[in-house]
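Trainee: The chain contents come next:
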Amino acid sequence: MQTTINSGEATRDVQSPAMKWLAACRVEDVPGDGGACVLLGGEQIAIFYFSRRDQWYATENRCPHKQQMVLSRGMTGSAGPDSEPKVACPFHKKTFSLRTGECLSGEDYRVRTYPVKVKNGKVYIGFPW
Amino acid sequence: MSNGSLPVVVVIGNGMVGHRFCEKLRKSGEFRIIVFGEEPRFAYDRVHLSEYFSGKSASELSLSMAGWFDDEEVVLHLGDPIREIDRQQQLVHSSKGVVQRYDYLVLATGSSAFVPDIPGIEKEGVFVYRTIEDLDKIKAYAARVKTGAVMGGGLLGLEAAKALLDLGIANPHVIEFAPRLMPRQIDSAGSHALESSLRKLGLQIHLNKTTQSIEGSGRIEALEFADESRLHIDMLVISAGIRPRDELARLAGLSVGTRGGILVNEKLQTSDKRIFAIGECALAQGMIYGLVAPGYEMADVVATNLSGGNKSFTGYDMSTKLKLIGVDVASFGDPFAAEPDCGTIVFEDRHKGIYKRINVSQDGKYLIGGVLIGDAAAYNILLQTVNNRLVLPPDPAALILGHREGGSEGAGVMSLPDEALICSCESVTKAAICNAVTDKQVTTLDAMKKCTKAGTGCGGCIPLVKDLITATMKAGGMYVRNVICEHFDHSRQELFDLVKLHNVHTYNEALAHWGKGDGCEVCKPVVASIMASLWSETAVKQPIIQDSNDRYLANIQKGGSYSVVPRIPGGEITPEKLIVLGKVAKKYNLYTKITGGQRIDLFGAHVGDLPDIWEELIEAGFESGHAYGKALRTVKSCVGSTWCRFGLHDSVSFAIEIEERYRGIRAPHKIKGGVSGCIRECAEAQGKDFGIIATEKGWNLYVCGNGGSRPQHAQLLATDIDAATCVKYLDRFLMFYIKTADPLTRTATWLNKMDGGMSYLKNVVINDSLGMNQQWEEEMQTLVDSYKCEWKEVVENPELRKRFSHFVNAPRKKDPELQFDNMRGQIKAQEW
Numbered sequence: 001m002q003t004t005i006n007s008g009e010a011t012r013d014v015q016s017p018a019m020k021w022l023a024a025c026r027v028e029d030v031p032g033d034g035g036a037c038v039l040l041g042g043e044q045i046a047i048f049y050f051s052r053r054d055q056w057y058a059t060e061n062r063c064p065h066k067q068q069m070v071l072s073r074g075m076t077g078s079a080g081p082d083s084e085p086k087v088a089c090p091f092h093k094k095t096f097s098l099r100t101g102e103c104l105s106g107e108d109y110r111v112r113t114y115p116v117k118v119k120n121g122k123v124y125i126g127f128p129w
Numbered sequence: 001m002s003n004g005s006l007p008v009v010v011v012i013g014n015g016m017v018g019h020r021f022c023e024k025l026r027k028s029g030e031f032r033i034i035v036f037g038e039e040p041r042f043a044y045d046r047v048h049l050s051e052y053f054s055g056k057s058a059s060e061l062s063l064s065m066a067g068w069f070d071d072e073e074v075v076l077h078l079g080d081p082i083r084e085i086d087r088q089q090q091l092v093h094s095s096k097g098v099v100q101r102y103d104y105l106v107l108a109t110g111s112s113a114f115v116p117d118i119p120g121i122e123k124e125g126v127f128v129y130r131t132i133e134d135l136d137k138i139k140a141y142a143a144r145v146k147t148g149a150v151m152g153g154g155l156l157g158l159e160a161a162k163a164l165l166d167l168g169i170a171n172p173h174v175i176e177f178a179p180r181l182m183p184r185q186i187d188s189a190g191s192h193a194l195e196s197s198l199r200k201l202g203l204q205i206h207l208n209k210t211t212q213s214i215e216g217s218g219r220i221e222a223l224e225f226a227d228e229s230r231l232h233i234d235m236l237v238i239s240a241g242i243r244p245r246d247e248l249a250r251l252a253g254l255s256v257g258t259r260g261g262i263l264v265n266e267k268l269q270t271s272d273k274r275i276f277a278i279g280e281c282a283l284a285q286g287m288i289y290g291l292v293a294p295g296y297e298m299a300d301v302v303a304t305n306l307s308g309g310n311k312s313f314t315g316y317d318m319s320t321k322l323k324l325i326g327v328d329v330a331s332f333g334d335p336f337a338a339e340p341d342c343g344t345i346v347f348e349d350r351h352k353g354i355y356k357r358i359n360v361s362q363d364g365k366y367l368i369g370g371v372l373i374g375d376a377a378a379y380n381i382l383l384q385t386v387n388n389r390l391v392l393p394p395d396p397a398a399l400i401l402g403h404r405e406g407g408s409e410g411a412g413v414m415s416l417p418d419e420a421l422i423c424s425c426e427s428v429t430k431a432a433i434c435n436a437v438t439d440k441q442v443t444t445l446d447a448m449k450k451c452t453k454a455g456t457g458c459g460g461c462i463p464l465v466k467d468l469i470t471a472t473m474k475a476g477g478m479y480v481r482n483v484i485c486e487h488f489d490h491s492r493q494e495l496f497d498l499v500k501l502h503n504v505h506t507y508n509e510a511l512a513h514w515g516k517g518d519g520c521e522v523c524k525p526v527v528a529s530i531m532a533s534l535w536s537e538t539a540v541k542q543p544i545i546q547d548s549n550d551r552y553l554a555n556i557q558k559g560g561s562y563s564v565v566p567r568i569p570g571g572e573i574t575p576e577k578l579i580v581l582g583k584v585a586k587k588y589n590l591y592t593k594i595t596g597g598q599r600i601d602l603f604g605a606h607v608g609d610l611p612d613i614w615e616e617l618i619e620a621g622f623e624s625g626h627a628y629g630k631a632l633r634t635v636k637s638c639v640g641s642t643w644c645r646f647g648l649h650d651s652v653s654f655a656i657e658i659e660e661r662y663r664g665i666r667a668p669h670k671i672k673g674g675v676s677g678c679i680r681e682c683a684e685a686q687g688k689d690f691g692i693i694a695t696e697k698g699w700n701l702y703v704c705g706n707g708g709s710r711p712q713h714a715q716l717l718a719t720d721i722d723a724a725t726c727v728k729y730l731d732r733f734l735m736f737y738i739k740t741a742d743p744l745t746r747t748a749t750w751l752n753k754m755d756g757g758m759s760y761l762k763n764v765v766i767n768d769s770l771g772m773n774q775q776w777e778e779e780m781q782t783l784v785d786s787y788k789c790e791w792k793e794v795v796e797n798p799e800l801r802k803r804f805s806h807f808v809n810a811p812r813k814k815d816p817e818l819q820f821d822n823m824r825g826q827i828k829a830q831e832w
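So the sequences go chain by chain: A and B. In terms of the UniProt record's numbering, the first sequence has 55 at position 55, counting the first letter as 1, and numbering is strictly consecutive. In terms of the UniProt record's numbering, the second sequence has 510 at position 510, counting the first letter as 1, and numbering is strictly consecutive.
Think of the hints as simulated: they come from the structure by calculation, not from any bench.
With a cut-off of at most 27 Å between alpha-carbon atoms, the simulated DSSO-like pairs for lysine-lysine come out as follows:
1. B:Lys541 / A:Lys122
2. A:Lys117 / B:Lys802
3. B:Lys267 / B:Lys453
4. B:Lys450 / A:Lys93
5. A:Lys66 / B:Lys139
6. B:Lys123 / B:Lys139
7. B:Lys453 / A:Lys93
8. B:Lys200 / B:Lys352
All chains, full assembly: derive it from the sequences and hints.
Mentor: Right, here's the structure in full:
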């Protein structure tokens, strides 16, 4: 089954030529202060939108603890004095920094993160060429 | 390569100790590290290997290498053992033909299973227990056979027996050559206590048995013993000790011990000063250290010395605590010290399988060592007492008698000296932990793990770390305030009142008023619950602040599928509705199971199918069962006076009335109820948050019971009351609980923490001592009147239905990773 956006419109970006940007979804597909999952180039990517700061983040959808495709369904939030943006896995509440992918619950897991940009109401995820 | 000029350290062996060495050394940034491993996979946690059978995956056992390859600090050659060390030219030759020069060489080759030379040992069905590959072979073979035995009654042997149990081998045999189990770690009386506990758990233990031969044509069929007895078995796992892997060292002409092991000095240098040996392959201080902690210490010594430090390895405390098949086993200090060198104090409870022994110096001042079987709760503090030569209390027997609850332990930890080693895996002292609390305001366990790494290894010290954090905070006059989380400086009860007073209706408003940052997974559901109670809100209104289960109005299960539980009030259901459940389950390929609360749970639903499933259920007259929420679950009932010859009143009708009254009401935690038609109590109402039991004159009302890990009986609140009074009391009780309990606190714990306990609660609910009852009854009535089924809301609203898809950019596509296995004719979630 071919999905609408899965085929992806890759665009080259003059500012970051090392990235290809794939259109993931529309801005309104991601709930404010929550997450949503997209299928992009065969990979499951979790996209998060922090409405209060108007910031976007993306990680792999897989929680490295039990290898479950659920991070997009996790609760977002922040940790520490610097308000590190984070998401908590719904299964065992392991939390991950959305900036670095580092596990913030004191364990050595890590999730992959992706750059995000928004243009004309669409959300784009950056992959290395 | 930019760092080509750095000195090269080659590590042979990619086990836990080798891994630890790389982890320590790479942080210096002064070396190129090249690892050659024989096994095809990344280093993994061998200590917890038996968990591989109880469900852990190989990748979970993997040790982390976060950041290792960032700057090419470490190069790994997996599945490529070294076959030769050329000491003259400082080269190693790998099996795949890699030739690598080294400045320093570290041998971390570990050990192999010792396989005794018994005729028939080569037969099919005989295994060793050492690597994940061994485990895979055991797993595959065990699936085809019924009986099995382990040779060796030591630590590893008992672990292997546990593995066989987990693999479905009923009553596995343990064959031990010595007259008792674990002879190296625990004393004879302790062995016997352990033995009888293990027998109760289904192990068949054979002591004093020398295996003469392994019988069978091609594959193992029986063991033949020296006493001419025989044991018929289908498989055998050998776990009779370890043998250091010193063959490479021998080949290279390094000195080895007469009984194996690479000879090293205090710096863990072999007879070649450029070559080190660490872990189970090293013979240090005349000993092979077969535990991971001393191996880690050796790794630390070599890494420190290579980076310019100065450390020695002068032996290691072999104290250990573990859980063998659910039985606590610990030994510390010198467990075998005996009179006349010391006095021993022994406590034994054969009924519970508990044995405790402590060895106390002759003058009664110091603890020398001891053994704990069946209950090792006191292990940490006893070990600290030995290691720090703490002076004992006048009656040292108190150390092993009775329970050591809260206060005394808290005081105990603060009496430890600053240099007391709390976390031996990560070498964290008491001072380091206390300083983190006072200087860096580290006040949570997670933060402490990050700051000091304490508790991130085996985890055994975690209770001690927590006690130290609390005790240090109290000692420093820090107010141990009961706040929700870092974002709200209020308790749940305070926030409840604030939200009400200021008429706040959204999470973001609450955060703006009283919080900071972006909130988190702790405070969001708390605020959601408060708003549900105050404003009669369903979980549909603010989905993203709900716990994941509330957001999707279903219970997430392994694999990411959901389970669906329609309400079946009082457990009463018509045949027509049963048929609908069956049809829906069949149509959506769901696994069905009866729950403990007299309902039917349908498992394995794809998130995208949930609205369709509920559309059909609602069509047939079902409504949400709120099994996903911190809310009323079920009111369980017995069949009562309508059918039962003993029944005094109609318990089913009353249960239905109550369940329908409180359905959908959110609370700090789940609430369960029960109604029994007579004193026989078939509804188990006294195990619920509220339980109602029929009497000749009316109903008895019990409150604050729960099942779960710490079961607690409900306590009697009122006797012989009529149904209307019962409902009134319940209204008050539930509102009191909803408003004042801390997050995720069941009614039993809430009552346990309440000053004055049950008599206070009675006074509030029955005598209206707070003057709140009228208000609570009105508030409850508002909640009852405004109930609506949240699934009905979703099913009828196309916008809400859209939330239920796995991919927002491909709404109809299901998660391709979600797969099911089959079991007994139904689907089953795949193991994770």
